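There are 2 protein chains.
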Amino acid sequence: MEREDLEMAITNTIENFEMHVNEAFVAKAEALKPTLFHEVVKPTRIVEVVGTVDDAKITSSEDASALPRVILATGGSVVLDFGNHYVGRVSFKVNHHGSPQDAPVLLRVKFGEVLEEIVAKSSEYHGEISGGWIQEEYMHLDVVPTTVNMPRRYAFRYMEVEAVYTSPKFQISLAEVLCTTETSAERPKVEPLPESVPENLRKMDEVALKTMEDCMQLVFEDGPKRDRRLWIGDLRLQALTNYQTFHNTELVKRCLYLFAGLTQNEEHVGACLFLEPELQVDDTSLFDYGLFFISCLSDYYNETDDRETLEELWGTAYRQAELGMRRVGADGVVTDTPDWWCFIDWPPALNKQAAAQGVLIYTLKQALGLAGELEYLEAKAQLTNDLKKVTKGALNVLWDEEQGLFVSGANRQVSWASQVWMVLAGVFDTQRNVELLRHAAEVDPEVKMSTPYMYHHYVDALIQCGLKDEALACMEQYWGSMVADGADCFYEMYDPEDKHFSSYGDYTINSFCHAWSCTPSYFIRKYFA
Amino acid sequence: MEREDLEMAITNTIENFEMHVNEAFVAKAEALKPTLFHEVVKPTRIVEVVGTVDDAKITSSEDASALPRVILATGGSVVLDFGNHYVGRVSFKVNHHGSPQDAPVLLRVKFGEVLEEIVAKSSEYHGEISGGWIQEEYMHLDVVPTTVNMPRRYAFRYMEVEAVYTSPKFQISLAEVLCTTETSAERPKVEPLPESVPENLRKMDEVALKTMEDCMQLVFEDGPKRDRRLWIGDLRLQALTNYQTFHNTELVKRCLYLFAGLTQNEEHVGACLFLEPELQVDDTSLFDYGLFFISCLSDYYNETDDRETLEELWGTAYRQAELGMRRVGADGVVTDTPDWWCFIDWPPALNKQAAAQGVLIYTLKQALGLAGELEYLEAKAQLTNDLKKVTKGALNVLWDEEQGLFVSGANRQVSWASQVWMVLAGVFDTQRNVELLRHAAEVDPEVKMSTPYMYHHYVDALIQCGLKDEALACMEQYWGSMVADGADCFYEMYDPEDKHFSSYGDYTINSFCHAWSCTPSYFIRKYFA
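Sequence lines, in order, name chains A and B.
For the first sequence, position 243 (counting from the first letter as 1) is numbered 364 according to my numbering, and the numbering increases by one without interruption.
For the second sequence, position 360 (counting from the first letter as 1) is numbered 481 according to my numbering, and the numbering increases by one without interruption.
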């Protein structure tokens with residue numbers, strides 16, 4: 122996608138957008154607002170950081186207890202390492218040295234989840250999405266000594282403080298730098314892994330748990346640094362992981378009621394929700410994200426047996442199936458368009474049609490399961506009929522017998538995403554799916570997977586096909602590589618071949634603690650422990 | 122002065138500095154803390170500003186009522202003109218347009234006393250004194266709409282707001298921009314000028330009154346934008362002007378007790394005082410500024426007949442005379458040194474010796490007057506003796522009969538400042554002083570006057586010599602030129618031949634509302650009304 126197209130995509134919104142509000146659902150969601158838990162953490166080290174975004178590194182360090190002896194004059198700075206990723210609010214003392222303070226201090230305080238954010242100059246940011254996400258503040262201190270209580274929440278491991286200006290007559294130093302963390306996750310609820318789980322998976326699980334923990338706030342946020350809101354694609358994977366780890370089913374229920382309580386035109390479930398300035402659904406509408414409401418409800422019901430919620434939210438779920446089928450043409454295939462109609466994954470070249478068809482079939486099957494549970498015969502009949510149509514459409518239009526792969530769009534593109542979603546959709550039986558995945562691995566389609574989100578679905582597909590060894594190998598290669606690179610949390614995007622890849626045109630705006638990347642804990646605890 | 126010398130000068134501090142506190146004096150000063158008065162003012166115009174620091178100008182404007190219709194997206198900005206100089210705190214509403222806010226807003230808000238500060242890029246500031254004085258803030262707004270209440274006090278006429286970042290999906294606009302002003306000056310106490318005063322002097326008086334008003338805060342500040350503290354050189358001229366205008370003698374008394382209550386080593390009165398984080402005298406020590414305590418007390422007593430204060434503060438005043446005499450050598454002349462030992466005026470080349478000698482004689486005479494009033498015979502005798510010595514020294518060492526001018530320093534420099542202060546000191550009688558001033562005007566010494574502070578003393582000297590027409594002409598030419606240039610308040614520095622002159626290496630850090638420039642109201646009301 123060219124930059125202009127990406128901007129078009131990002132700004133793509135529904136025409137004549139209107140929000141439908143189900144007050145009862147919203148009230149139920151609000152009653153489930155979780156408690157936030159806090160812990161006070163401190164920096165562990167003072168680090169020297171050098172390099173550019175391409176080669177940032179720590180060249181030396183000393184214990185954080187030396188901080189009060191670091192005297193900063195105009196242009197002086199210090200980088201603190203908190204030793205792990207945290208989400209919270211920061212306070213610190215600024216002490217005074219030298220002659221009386223004859224000018225206001227100008228401080229620059231920057232937070233980075235990764236070192237690259239610290240070495241990057243904000244003035245050189247060139248990404249397509251808003252640089253408003255850069256966690257950097259300038260503040261004047263008219264009087265030092267003082268205590269600075271920063272009001273915003275940050276997601277970070279590193280904190281840089283620069284004395285942009287003191288004066289020739291005085292200097293400052295820092296002390297008592299504290300971060301009061303925020304999360305709705307409760308660590309004690311996570312069971313320890315059995316001793317049989319090997320060290321590399323234990324480490325991977327720990328990073329995934331930290332990712333989950335830092336994204337669990339008043340809702341399941343997608344990233345505590347960037348976006349900071351409830352996206353349904355992320356919610357689905359967070360909820361699955363949550364069932365294996367923090368067991369906070371109430372938070373999933375809250376998010377389900379929020380999505381059902383705040384829908385778009387024709388009660389389509391939106392791609393994401395905002396909590397402030399008031400609860401509202403975004404005007405971004407995505408084909409796959411709407412359908413995932415069905416998945417979220419199905420997974421929730423499977424976990425909880427909460428029949429009351431299933432009954433109340435069934436209407437919203439079924440509505441998504443109906444709206445999904447509306448996009449299906451006479452040939453039984455979802456209509457492809459050039460706008461940002463479906464997410465699937467970030468590669469700019471990716472054609473979404475086949476994967477979207479896979480998501481449709483996958484979620485219609487879940488809807489059928491729920492209709493069966495509820496014994497809604499009419500819905501069952503309709504969904505059975507729909508499934509026949511779209512499964513037939515997939516085979517007739519999207520399956521390329523000669524290549525032995527699914528193709529997508531007018532140009533019959535072959536991508537990894539198409540194969541993975543068709544496997545998950547179960548268009549073929551398990552044996553043929555195994556062959557399809559192995560053939561895809563041989564061919565290694567040019568349009569690759571670019572996010573942990575898409576890799577999750579690949580691993581899931583492998584496991585569904587009984588290919589647990591391959592699934593584990595993929596996890597070790599992909600998430601394991603992030604761990605080896607020193608990730609404290611799992612990143613939003615990761616390409617082991619191009620480690621500074623960004624879909625936004627600037628690596629530093631990537632989220633380095635991203636909910637959709639947390640599923641190693643789900644896989645490890647469900648299948649490998 | 123080279124940059125390094127200037128930096129040395131600025132950072133010049135007393136070795137082994139210690140503050141002497143007279144608790145009773147400080148308590149008396151604190152009991153006199155004035156009430157601050159407030160008024161709510163609004164921008165009058167939205168202006169388009171173009172150019173650089175050398176040629177900033179307004180190209181078009183519209184009424185401020187159009188502001189809510191100015192929609193700002195990433196990079197968009199608006200400049201508001203409040204129509205006059207104000208000192209106060211600012212609040213404004215930020216409204217939201219477009220899709221839901223999908224990223225924090227980053228705002229840049231800059232205040233300027235003059236347009237040049239608005240067009241200047243803060244990142245390119247190159248002055249020697251702290252850029253911490255630049256009135257520019259960056260702030261993230263996580264949720265809009267919102268009301269921003271800026272906590273700091275600003276001195277400004279122009280306010281620029283830039284949406285550094287919104288996002289491709291939403292925009293902002295501003296509304297209800299308000300400034301709540303702060304001053305301890307009471308306008309109703311200022312008497313209207315008689316109708317006989319011509320329009321140009323009325324305008325000059327108005328600008329001077331605004332300067333005074335905006336500098337009158339919890340003390341007489343030197344500049345409400347920059348320094349924002351009590352300097353005794355400024356206090357002396359503010360007090361004189363105050364007696365003719367706002368008549369707040371209590372505020373002068375408070376400042377006298379502060380200076381007397383918080384002295385430096387050997388009870389030398391400091392050049393300036395800080396109010397925060399606690400009351401303290403600066404470690405900058407200046408020969409002339411210490412002696413001006415005598416002038417401030419003498420002027421105050423002449424105005425108020427407040428004998429109790431005179432009696433209480435006499436000891437501090439007399440101590441300054443003693444310390445001043447300590448610097449006098451056997452030749453009866455103050456010792457010259459290359460450090461920042463005396464202020465007088467800003468020209469880098471200015472040698473301070475002769476002018477300092479003039480200040481010493483001027484203030485010893487005032488001390489003698491006070492000693493006479495108090496009938497302190499011993500002090501009278503000592504001061505009489507001292508005066509003989511320094512007057513003789515001035516004539517023997519500093520008077521150059523051949524040139525018909527006073528010279529200063531080892532290189533026998535001829536400057537305007539030396540002549541002016543020797544006239545004010547009354548080393549000669551009035552007739553010879555008239556001749557000296559006329560001869561100086563003919564010669565026009567190379568080392569000129571660079572500030573309204575020095576021009577004040579020139580005008581005062583002319584008036585003391587009975588040269589009222591020349592005094593008026595000087596005022597019209599100098600302060601009148603600032604008025605013609607559109608000054609809302611009188612500037613800290615002004616050279617009609619080099620309008621972007623700065624002693625700090627960067628014009629934009631100059632103070633454009635500066636207390637020591639407010640004396641046209643003193644002269645007009647005392648001598649020309």
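Keep in mind the hints are simulated off the structure, nothing from the lab.
Just so you know, these numbers come straight off a predicted model, no measurement behind them.
Any given hint could turn out to be false.
[Said to hold, decoys possible] Computed Cβ-Cβ distance ranges for the label pairs, DEER-style:
{"hint": "1", "chain 1": "A", "residue 1": "HIS218", "chain 2": "B", "residue 2": "ALA451", "range": "54 to 64 Å"}
{"hint": "2", "chain 1": "A", "residue 1": "LEU400", "chain 2": "B", "residue 2": "GLY196", "range": "42 to 52 Å"}
{"hint": "3", "chain 1": "A", "residue 1": "ALA145", "chain 2": "B", "residue 2": "ARG308", "range": "41 to 51 Å"}
{"hint": "4", "chain 1": "A", "residue 1": "GLU169", "chain 2": "B", "residue 2": "ILE179", "range": "21 to 31 Å"}
[As the list claims (entries may be wrong)] Anything over 12 Å on all C-beta distances counts as not near chain A; from chain B, calculated:
{"hint": "5", "residue": "GLU160"}
{"hint": "6", "residue": "LYS163"}
{"hint": "7", "residue": "LEU227"}
{"hint": "8", "residue": "GLU258"}
{"hint": "9", "residue": "VAL265"}
{"hint": "10", "residue": "THR267"}
{"hint": "11", "residue": "ARG274"}
{"hint": "12", "residue": "ARG308"}
{"hint": "13", "residue": "VAL518"}
{"hint": "14", "residue": "THR551"}
{"hint": "15", "residue": "GLU567"}
{"hint": "16", "residue": "SER624"}
[As the list claims (entries may be wrong)] Coverage of chain A stretches by chain B, computed from C-beta distances (three or more under 8 Å per stretch; other residues unrestricted):
{"hint": "17", "segment": "222-230"}
{"hint": "18", "segment": "246-252"}
Quick reminder that beta carbons are idealized off the backbone N, C-alpha and C, glycines included.
Status of the hints after comparison with the structure:
no.	hint	in the structure
1	HIS218(A) x ALA451(B): 54 to 64 Å	violated, 41 Å
2	LEU400(A) x GLY196(B): 42 to 52 Å	violated, 31 Å
3	ALA145(A) x ARG308(B): 41 to 51 Å	violated, 60 Å
4	GLU169(A) x ILE179(B): 21 to 31 Å	violated, 48 Å
5	GLU160	holds, 22 Å
6	LYS163	holds, 24 Å
7	LEU227	violated, 5 Å
8	GLU258	violated, 7 Å
9	VAL265	violated, 7 Å
10	THR267	violated, 8 Å
11	ARG274	violated, 8 Å
12	ARG308	holds, 27 Å
13	VAL518	holds, 34 Å
14	THR551	holds, 41 Å
15	GLU567	holds, 29 Å
16	SER624	holds, 14 Å
17	222-230	holds (count 6)
18	246-252	holds (count 4)
Checked against the numbered hints given earlier, this structure breaks hints 1, 2, 3, 4, 7, 8, 9, 10 and 11; the rest are met.
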